[in-house]
Amino acid sequence: SQQGEEDPQALSIQEGENATMNCSYKTSINNLQWYRQNSGRGLVHLILIRSNEREKHSGRLRVTLDTSKKSSSLLITASRAADTASYFCATENTGGFKTIFGAGTRLFVKA
Amino acid sequence: GAVVSQHPSWVICKSGTSVKIECRSLDFQATTMFWYRQFPKQSLMLMATSNEGSKATYEQGVEKDKFLINHASLTLSTLTVTSAHPEDSSFYICSARDSLSSYNSPLHFGNGTRLTVT
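The listed protein sequences correspond, in order, to chains A and B.
Just so we're aligned: 43 in the numbering used here is position 30 of the first sequence, and the numbers increase by one with no gaps anywhere.
Just so we're aligned: 873 in the numbering used here is position 25 of the second sequence, and the numbers increase by one with no gaps anywhere.
Careful: at least some of the hints might be erroneous.
Claimed, not checked - DSBU-like, lysine-lysine: derived pairs with alpha carbons at most 30 Å apart:
| hint | chain 1 | residue 1 | chain 2 | residue 2 |
| --- | --- | --- | --- | --- |
| 1 | A | Lys123 | A | Lys69 |
| 2 | B | Lys914 | B | Lys862 |
| 3 | B | Lys889 | A | Lys39 |
| 4 | A | Lys69 | B | Lys889 |
| 5 | A | Lys39 | A | Lys83 |
| 6 | A | Lys82 | B | Lys862 |
| 7 | B | Lys889 | B | Lys912 |
| 8 | B | Lys914 | A | Lys123 |
| 9 | B | Lys912 | B | Lys868 |
| 10 | B | Lys889 | A | Lys83 |
| 11 | A | Lys69 | A | Lys111 |
| 12 | A | Lys69 | A | Lys39 |
| 13 | A | Lys83 | A | Lys69 |
| 14 | B | Lys914 | A | Lys111 |
| 15 | B | Lys914 | B | Lys903 |
| 16 | A | Lys111 | A | Lys83 |
| 17 | B | Lys914 | A | Lys82 |
| 18 | B | Lys889 | B | Lys862 |
| 19 | A | Lys69 | A | Lys82 |
| 20 | A | Lys39 | B | Lys862 |
| 21 | A | Lys111 | B | Lys912 |
| 22 | B | Lys903 | B | Lys862 |
| 23 | B | Lys868 | B | Lys889 |
| 24 | A | Lys111 | B | Lys889 |
| 25 | B | Lys914 | B | Lys889 |
| 26 | B | Lys903 | B | Lys868 |
| 27 | B | Lys868 | A | Lys39 |
| 28 | B | Lys903 | A | Lys111 |
| 29 | A | Lys82 | A | Lys111 |
Calculated from the structure, these hints are not laboratory results.
Here chain B stands alone, though its shape is the one from the complex (with noise of 0.2 Å):
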């Protein structure tokens, strides 16, 4: 099956540095890949949508320069947190769609990192 590799599961940064998560297609190429974000007991709010090759299409209320998306391949794209403040702390959870299945096919999830800022 499918497999998205995220790295790393958990990350401990102090305020004001930056973290960079990774998102990889194992066997399959992905033009499109979306990064999400979860808090403790709740859903799953889409922050933006990565685009191979193409610049980041972002969710309203998410900021752009402090969530900054690159996706310079078809199996990687990179969520990078600037400049990182405690209220960052969450779960970010990277999926993909393999380009080559119609839109009528599921998403295929990266187990997920774990950002805490101190």
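Just chain A, with the same shape it has in the complex (with noise of 0.2 Å):
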């Protein structure tokens, strides 16, 4: 099963510039997390923001968490070719240990 949407699914930018990725979820959540997958590899784990935190940085990656809304942005700051991956939002439902993942974005940066 899949948690929610992402959107936009695919995004092209130019190096330099920021890219914003939102996440909409639909249960209650423990925390949620941001992950990078480079084509036909594994997720790297970017950054886990806890249900009680409203932003989170690391280096040029900030997120944003919205419980109300339901709703996690995860912005790039000063893009790089190699920014260019599928980044993924995932949640950890209350009550459960499972991390359900949603559709994705498929990011380009060109060079």
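Fit the two chains together into the complex; they arrive one by one in their own frames, and the hints show the way.
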């Protein structure tokens, strides 16, 4: 099962621009996580934000969480060609131990 | 950092045969591991939760007799695709969480196995 939607499904930007991806989910959560996947590879964890947190930063990444709207956003600033990948949000539901993934956003950064 | 090793990275098999995929946590213990399936350009679909020393918990719609999961130790889970058919061709990814970590901790992923059934 999938938790929710991500938008946009695909995003193409120029190097140096910022990229914003949004994620919505359906149930109550313990935390929300963002992962990156290069084509044909496993996932790499980027950042985890707990349900009682509203914003978190890590390097060029900024994540926000709005539990009232059941939504999150991932901002990548000053994008690089090497940021080209698929990005997935994932949620760990309250009362459960499973991590469920969103549909993902395919980001393409043109050099 | 925590490393999860998944083997093989790719496999081609004939229809009707069985394929075993291994998932090992190399530097941590994992009471629970998760198996996901991913179709091209799509998201990860959770197939089952693998529990050390007990039966796996399968998601709705996943055939437990088709996808056999064994989690015999704290560092190894295996997924066996039995009597594989072309529709089983997919990218299978395992993940694990360090048993010593709280639930507010990320998953560590293997690099996936691309299965092609001819």
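Hints and how they fare:
1. A:Lys123 - A:Lys69: 27 Å, holds
2. B:Lys914 - B:Lys862: Distance ~16 Å between lysine 914 (chain B) and lysine 862 (chain B) Cα, so the pair holds.
3. B:Lys889 - A:Lys39: Holds, at about 22 Å.
4. A:Lys69 - B:Lys889: It holds: about 28 Å lies between the C-alpha atoms, which stays within 30 Å.
5. A:Lys39 - A:Lys83: 7 Å, holds
6. A:Lys82 - B:Lys862: The hint is violated at about 48 Å.
7. B:Lys889 - B:Lys912: Given pair lysine 889 (chain B), lysine 912 (chain B) holds - Cα atoms ~25 Å apart, limit 30 Å.
8. B:Lys914 - A:Lys123: 43 Å, violated
9. B:Lys912 - B:Lys868: Roughly 14 Å between the alpha carbons, so the hint for lysine 912 (chain B) and lysine 868 (chain B) holds.
10. B:Lys889 - A:Lys83: The given pair, whose Cα atoms are some 25 Å apart, holds under the 30 Å limit.
11. A:Lys69 - A:Lys111: 22 Å, holds
12. A:Lys69 - A:Lys39: Cα-Cα ~21 Å, so holds.
13. A:Lys83 - A:Lys69: 16 Å, holds
14. B:Lys914 - A:Lys111: 21 Å, holds
15. B:Lys914 - B:Lys903: Holds - the C-alpha atoms of lysine 903 (chain B) and lysine 914 (chain B) are around 15 Å apart, at most 30 Å.
16. A:Lys111 - A:Lys83: At roughly 18 Å apart (the allowed maximum being 30 Å), lysine 83 (chain A) and lysine 111 (chain A) satisfy the hint.
17. B:Lys914 - A:Lys82: 39 Å, violated
18. B:Lys889 - B:Lys862: The given pair, whose Cα atoms are some 24 Å apart, holds under the 30 Å limit.
19. A:Lys69 - A:Lys82: Holds, at roughly 17 Å.
20. A:Lys39 - B:Lys862: 40 Å, violated
21. A:Lys111 - B:Lys912: Given pair lysine 111 (chain A), lysine 912 (chain B) holds - Cα atoms ~18 Å apart, limit 30 Å.
22. B:Lys903 - B:Lys862: Roughly 28 Å between the alpha carbons, so the hint for lysine 903 (chain B) and lysine 862 (chain B) holds.
23. B:Lys868 - B:Lys889: 24 Å, holds
24. A:Lys111 - B:Lys889: 22 Å, holds
25. B:Lys914 - B:Lys889: 24 Å, holds
26. B:Lys903 - B:Lys868: Cα-Cα ~17 Å, so holds.
27. B:Lys868 - A:Lys39: 34 Å, violated
28. B:Lys903 - A:Lys111: Distance ~16 Å between lysine 903 (chain B) and lysine 111 (chain A) Cα, so the pair holds.
29. A:Lys82 - A:Lys111: Holds. Lysine 82 (chain A) to lysine 111 (chain A) sits at ~21 Å (cutoff 30 Å).
Hint compliance for this structure: hints 6, 8, 17, 20, 27 are not met, and every other hint is.
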